[in-house]
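Engineer: Sequence:
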Amino acid sequence: MTAEVAVVVLTHDRAAELLRSLERLRALPERPRVVVVDNGSSDGTAALVAARHAEVEVIALPDNRGAAGRNAGVRRVEAPYVAFCDDDTWWAPGSLARGAALLARHHRLALLTGRVLVGREERLDRTCAAMARSPLPRAPDLPGPSVLGFLAAATMVRRDVFLAAGGFEPGFFLGGEEWLLAIDLARAGWGLAYVDDVVVHHAPSRRRDGAGRRALLVRNALWCAWMRRPLGTALRQTAAAVAAAPRDPAVVRGVLGALGGLGWALNRRRVVPPWLEAQLRRLDPPIAPLARGRRAPAAARLGAQVTPAVRPPSG
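In my numbering, the protein residues as written are 1 to 315.
It is worth saying that the hints were derived from the structure and are not from the lab.
Mixed in with the good hints, there may be bad ones.
Between beta-carbon pairs, the in silico distance windows are [said to hold, decoys possible]:
# : residue 1 : residue 2 : range
1 : G166      : H107      : 18 to 26 Å
2 : E23       : R206      : 14 to 22 Å
3 : A60       : P230      : 36 to 44 Å
4 : A54       : A129      : 35 to 43 Å
5 : P135      : A243      : 24 to 32 Å
6 : P93       : W264      : 25 to 33 Å
Note that the structure is predicted; figures quoted are calculated from it, not measured.
We treat Cβ as the ideally placed atom computed from N, Cα and C, and that holds for glycine.
Build out the structure end to end from the sequences listed, making use of the hints.
Structural biologist: The structure is reproduced here in structure tokens:
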């Protein structure tokens, strides 16, 4: 078993998919330590994993903490590099070793996202295609195109850097949770890269709440803008969401949810420096595809789980 990389798998009420993914993870030549974070499942997930995969550790959380559940898994392991999966994704043989070697070789690299192949047809995930064509300047000290976003369930992180940045923001729950962390890592001087020869497979679960997820994406995109972007950008993204609301009840829920947490978001406001804002503006703002009524971005669909009602965070 390699000590260089551990795998943290996030799950909620999808025991059948989880067990299939664990079979594939346990067959990897790297033989990584695997930790499952069970987000308050009610389908007996923890007991089933203990019965079928006694070597896999389960962190059974008392409630569904969304993406922030991964933080508990990262804190539990000691490996310097941590690869994330959801219960419907798994890493290809050899990709964990390649990812760990790249992180060891590229000292400014905080995280890398691999190439995601979807379904039995192994179609390239459209977000991966977009990342491969990133308009950001190519950094010579990174192993692939520079990005300011990533696919959480297909990403390997440097453990100490992830924890120092605070991990995934609990208030976001799920949906675009990558945006805030990516911005904060870049602001601290870390690099993020897309790496085409690191491969992750995704067999999309049928258990999805499309409207609920879209509402969370809108809410979290607005919170991210209010927390990090200059006033002009934040106002433009807010106006785009409000303009789209009459055409989509999910956008209405997202906007109302964001307004309910306005004070919470503003209390966490730290505007990015001009050089980072210039890079962010070279990318499509996260709200734009939703405001134009398109399908949720693949970054949001990857590993989607059942979502709760949109509500402001406490604290």
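Engineer: Determine for every hint whether it applies to the structure shown.
Structural biologist: Comparing the hints with the structure gives:
{"no.": "1", "hint": "G166 / H107: 18 to 26 Å", "in the structure": "holds (21 Å)"}
{"no.": "2", "hint": "E23 / R206: 14 to 22 Å", "in the structure": "holds (19 Å)"}
{"no.": "3", "hint": "A60 / P230: 36 to 44 Å", "in the structure": "holds (42 Å)"}
{"no.": "4", "hint": "A54 / A129: 35 to 43 Å", "in the structure": "holds (40 Å)"}
{"no.": "5", "hint": "P135 / A243: 24 to 32 Å", "in the structure": "holds (25 Å)"}
{"no.": "6", "hint": "P93 / W264: 25 to 33 Å", "in the structure": "violated (43 Å)"}
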